[in-house]
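Chemist: Chains A and B are the protein sequences, given in the same order. Once you know that position 50 of the first sequence is 50 in our numbering, the rest is easy, because the numbers rise by one and skip nothing. Once you know that position 242 of the second sequence is 242 in our numbering, the rest is easy, because the numbers rise by one and skip nothing.
Wrong hints could be hidden among the right ones.
Pairs of lysine to aspartate or glutamate, EDC-like flavour, derived with a Cα cap of 16 Å [as the list claims (entries may be wrong)]:
| hint | chain 1 | residue 1 | chain 2 | residue 2 |
| --- | --- | --- | --- | --- |
| 1 | B | Lys214 | B | Glu316 |
| 2 | B | Lys252 | A | Glu40 |
| 3 | B | Lys261 | B | Glu316 |
| 4 | A | Lys27 | A | Glu15 |
| 5 | B | Lys252 | A | Asp87 |
| 6 | A | Lys27 | A | Asp63 |
Just so you know, these hints were derived from the structure itself, not from any lab.
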Amino acid sequence: MHELSLAGGILQLVEDVARREAFGRLKALRLEAGALSGVEVRALRFALDSLAPGTVLAGARIDIDEPPAQAWCLGCNQSVPIRSRLDACPACGSVRLQPTSGTELRVVDLLVDDAPLATPDPAPDPAPAPVPATEPADAALAPRP
Amino acid sequence: MCVVCGCSTPGADVHTPDHVHPHAHLHAHPHVHPHSHDPVHDHHPAVGQPQVDAQTGDLHYGAGAAKVSVPGMSAERAIQIETDVLGANRRVAQRNRAHFFAHGVTAVNLVSSPGSGKTTLLCATIRHLQATAPALPVAVIEGDQQTSVDADRIRATGAPAIQVNTGKGCHLDAPMVAEAFERLPLHGAAHGHDHAHDHTHNQVHSHTHHHAEKLLFIENVGNLVCPAMWDLGEAAKVVILSVTEGEDKPLKYPDMFAAAKLMVLNKIDLLPHLNFDVARCIEHARRVNPGIEVLQVSATSGAGMAEWAHWLLHQEPQL
């Protein structure tokens, strides 16, 4: 169950971004679990679901891509896609493969909402008006019909 | 190199042992995708939430992902971070590696399933080394979920040991090892003082020799799955498989055997009583890791211990 540690690492990464980017709400999170990352995706989902309540992950959609890994085939000297360390080369059938990628679990990107929603941070001005009240000066701000 | 912006920020940017960059590779790439999201393209006037220019007070509508502002919908944006979840652990592991190197310490990460005889083998190994290489400093970091039984067994041999209990954790991670290493005499002896934290690690070791000066065994939590993914800063992972387990273990747990430099087949004194095909087991291990070395030992009978000790003494600190 190292997926729980990994979920904790993901939460920490997202919290770091949240602090830096000061976004309103996390809508979606995209992860990529390489075929050789040793990550059981169902267990990772379970771990993320159990961590999410009360955190920045709460209510966010989580997409987990599982791209195939790449290996260098010593039989036919080319890079081929594999799904497991036990796969044979899909081109020539050799089992002499050297994996070259697909061992990482990565956070790819976050889709966030910038607008303050119904439950913003306690600090900012609670006025929900779309037009900032402090900037009455210039043109272009006239209310539309 | 960062795949997003091309800046040169590899996770572990260690140039010299006295100079480690714990590079937090987590820079922002605010990056607006012009994809069209939810199918809300009704004919409302373009109001919605503006972005306010902090300098001029200008308001920018429709700066969101869809490039159009829709009332009731907020601006959303994608933040690309492309970050390895284990990157933070790997940076600490790389720092450990530099630290070990600077102290002339060869660290070996011992992994296996529970019950493979790791601790018994380790005690026998320490006694063997005490007899054959008495000047070699040896220490142990002992990982388990609970109890300090194993560290007590190690200390009984006379070697210093630190127990790390992971609680619910199924593996050791690099920060645990960093913390434990600082408490070992292997570390303190080189400094000869109470460890001020800004010490420089530029002691010049002649790394032209091809043998270990000091050995640090890290006995991981008994588990053939998770410890494969956590780099601790070791020079090598050694997977211990006892012949009372199945010879197909390398195929069932390929990540661990792929990560290991050496497979130790333990308890070979029991082979006459078992249906264990050594050749098949080795073939399976080489299937997932063509370069894996193999040694056959018995901690109980002492068979193979000299070869195992020889292997250990020829492992150098790695950077």
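Chemist: Are the hints correct? Go through all of them and say.
Modeler: Taking the hints in turn, this is what the structure says about them:
no. : hint                : in the structure
1   : B/Lys214 x B/Glu316 : holds (9 Å)
2   : B/Lys252 x A/Glu40  : holds (14 Å)
3   : B/Lys261 x B/Glu316 : holds (13 Å)
4   : A/Lys27 x A/Glu15   : holds (14 Å)
5   : B/Lys252 x A/Asp87  : holds (13 Å)
6   : A/Lys27 x A/Asp63   : holds (11 Å)
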